[in-house]
Amino acid sequence: MRHILTFCFLIIVVGLKAQTYDILLKGGHVIDAKNNIDGPMDLAITEGKIAEVARNIPKEKATRTIDVSGLYVTPGLIDMHAHVFMGNEPGAYIANGATSVMPDGFTFRSGVTTVVDAGSSGWRNFPLFKEQTIDKAKTRVLALLNIVGIGMRSRFEEQDITDMNPEMTAYSIQKLYPDILVGIKAAHYWGGFTQVDLAVEAGKKAGVPVMVDFGEHNPPNSIEELFMEHLRPGDIFTHTYSNGPKERETIVDENGKLKPLVLKAQQRGIIFDLGHGGGAFTWKQAVPATKQGFKADVVSTDLHTESMNSGMKDLSNVISKFMALGISLPDAISRATWAPAKVINRLDLGHLSVGAEADVAVFNLRKGDFGFLDVRRMRLKGDKKLEAELTLRAGKVVWDMNGLASEDFKE
Amino acid sequence: MKIFNFKIARCTFGFILFLTILSLQAQEIDILIKNGHVFDAKNNIDAISDVSIAAGKIVQVAPSITDKNVKQVIDATGLYIVPGLIDPHTHVFVGPRPGKFADGFNSLSPDDFSFKSGVTTVVDAGTSGWQNFPQFKSQVIDQSKTRVLAFLNIAAQGINGTEIELTKIEAEKHDINEMDVAKTTEMILQYPDIIVGVKIGHFKGESWAPFDRAIEAASKTDRPLFVECHLPEYSLQDQLDHMRPGDMITHSFENIDERMPVVDENGKVRPFVLEAKERGILFDVGHGGAGFWFDQAIPSLEQGLWPNSFGTDLHRFSMNAGMKDMLNVMSKYLNMGMPLKDVLLRGSYYPAKAIKREDLGNLSPGSVADVAILSLRSGEFGFIDARNNSIKGDKKLEAEMTIREGKVVWDLNGLAAKPFENK
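Here the protein sequences line up with chains A and B, keeping their order. If you count the first sequence from 1, position 361 lands on 361 in our numbering, and the numbers rise without skipping. If you count the second sequence from 1, position 30 lands on 30 in our numbering, and the numbers rise without skipping.
By construction, these hints were calculated from the structure, which means they are not laboratory data. For each residue, glycine too, the CB sits at the ideal point set by N, CA and C. Hints may be right or wrong, so weigh each one.
To be verified - According to the in silico footprint, chain B covers these stretches of chain A (three or more CB under 8 Å from chain B):
(1) 88-98
(2) 301-313
(3) 368-381
(4) 393-407
As the list claims (entries may be wrong) - Restricting the straight-line Cα-Cα distance to at most 30 Å, the calculated cross-link-like pairs of lysine-lysine (DSBU-like) are:
(5) A:Lys130 - B:Lys145
(6) B:Lys418 - A:Lys246
(7) B:Lys34 - A:Lys259
(8) A:Lys367 - B:Lys34
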């Protein structure tokens, strides 16, 4: 009898415990594009996973409640274009070099929980990148593998066709690191379509998308040909709003007209990535393109040392810039959460479904007079700016700007 | 024989004067910052004024400077103009080695954090020693846009432990024999413009030899000693007693087991600590991940133990914690009750004096144009300490613009940009 009682008691205790949430974010406005949520909602987290999203989850159900009233609660942002293979190899710039940055210093403070490294490494130096950065970062770091085996070591080495090996690239992605490698990058190539075609060949073998930085062909190659004949639906065109017309054909022509082929390409399924960077976002392209009904599918930073202190700054700033173009907050947020998750085929990320890993960002939408800078030192005014108040990665608070998750100091 | 012709002399003098005026007028100004509130303690300026910059140097600070011959005018109405901030406690010997500070992932790249927080100079707090300083210099210092200065660790390899936990780093790792006064001194004299002092920290033993050698190297090179924490066998009083006026102690408001806190159980700042301050010992905040506690900092502020500088102790474990960046640390003090002017004074002029670099931390004509333009934001803010306790506040400093050697290196809202017009 006593044993049975103890047993019942145990079951009750276990049952009670199972009902208790670790963290409850209460009173916020949830934006979750995948689940069609854009409204007041509480969010509960248990054991690093989303446990419940509903109106009025009682405080009693949670060990710890964080008041987020007046704030926006979104899936942790995904920055689909970053360079984080930081290192000190002599002669290297982005691959194991000083032009890359370390992810954790930029991510959490702007609400980012996942970055996709855009081809800093190739199949030959990815293992070093993984050991050195990916395995050590608190940020989730995924990567596009460069079609060049040595990655972005120098502009010169990026031209080496003999080091563009679709077999090895596809093998790395499919067989060796399928959980981390989500696509392929082709970038900085000076010649024709050779590099893109090799990347797409690898992409077909591995079943992943290809991202193309089409920036340095002189004279420029036709983007229509790229979109319609070389890329597949689901492949990605980055630096969408770049305006270096001598090296890369622009999406808006000299008369401020959006080229019809751009909308056609988007309909075909070509993905347009913002990829701000130090030189690839201009109001001259973005303002007319937006007015004429075109929006980049994914909002991303192209984070590296030449962009971090420029008009780019961080992903929440780039989203704020996107909003200064007249795009709504939920729309802009979806382009840095659920949209990139779908593009890189990581449907486990970018949403707040029950059971998903609790990567969550809490933002305040600051009001004021702001100026947003493009790469040509032109300024567009805005009256709203996103600021990351709180960031959680796998259920842990990794950024707390104003102490929302802290206790009041008592003397 | 006439030795001196007054007429010619007068003409010559007049001509030179004319040329001087002409050259002053003709000098092209790169940047003119208008209508900001200039706060430059060294020059006793605390007023609405303009600042002009040419060829990377400050030309003039005065009200209503003409905008003729000016390439770029920046309107700083409503903003504060101060000498570029100086962070005297950082760890920036960044490299790829996981779990390491020297040439490791636990250090950070200075440019990633400095300019966005108004900082133009950081001092690395002994991440390198005489054996690996040259690597630090070529790998980080020479590559950075931020001015990087350094305290040289008396330990030959700097902070080179294998343990990730902060308190164990370096401990017992150091061979005392390698704490070499002659080699340390030699390295300082080889790079006198970069190495501003000597650091002792993270030593677990009882021997005072490391401390004494650090002081000896500092004395020989006429530089301050920077005393970091993690010296569990030395009492706080003994540490302060060993220090000379002008030496700096950091993590001043820490409350952890391995060092006696400056405030006693009754909330009183210990008398010997106040005496040390009277004697000229400089107290640096050294916020870090564990080095700043409100239960120490608030009573200290109330009882007169004010920090002399706002060292952040920037590294991988402090960047996303309560520290965040130097302006956040300064904003904490603002909301704890330190007047704005006293906060700004400790942001650039005082640390410049502490490291004996009075060429920095001021806006004197001719000095390097390292300038921060700050806004004082109003709102509801919170600030966290090492124990995850927080205080509320209504003020926060934000870096609108940072200028390093006359170049705009941070421009939050496009003050230096042209408005976009869609034609």
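Structure-based check of all given hints:
For a cut-off of 8 Å, the count of residues in the segment 88-98 of chain A with a CB near a CB of chain B stands at 3, and the three-residue condition holds. Counting residues of the segment 301-313 of chain A whose beta-carbon sits less than 8 Å from any beta-carbon of chain B gives 5, enough to reach three: the coverage restraint holds. Against chain B, the segment 368-381 of chain A contributes 11 residues with a C-beta closer than 8 Å to a partner C-beta. That satisfies the three-residue criterion, and the hint holds. With 10 residues having a beta carbon nearer than 8 Å to a beta carbon of chain B, the segment 393-407 of chain A meets the requirement of three or more and the stated coverage holds.
Our distance criterion of 30 Å between C-alpha atoms is met by A:Lys130 and B:Lys145, whose separation comes to about 28 Å. Annotation: proposed proximity of B:Lys418 to A:Lys246 holds, straight-line Cα distance about 23 Å (limit 30 Å). For the suggested pair B:Lys34 and A:Lys259, the alpha carbons sit about 43 Å apart, so the restraint of at most 30 Å is broken. Distance hint between A:Lys367 and B:Lys34 is fulfilled; the C-alpha atoms sit about 25 Å from each other, no more than 30 Å.
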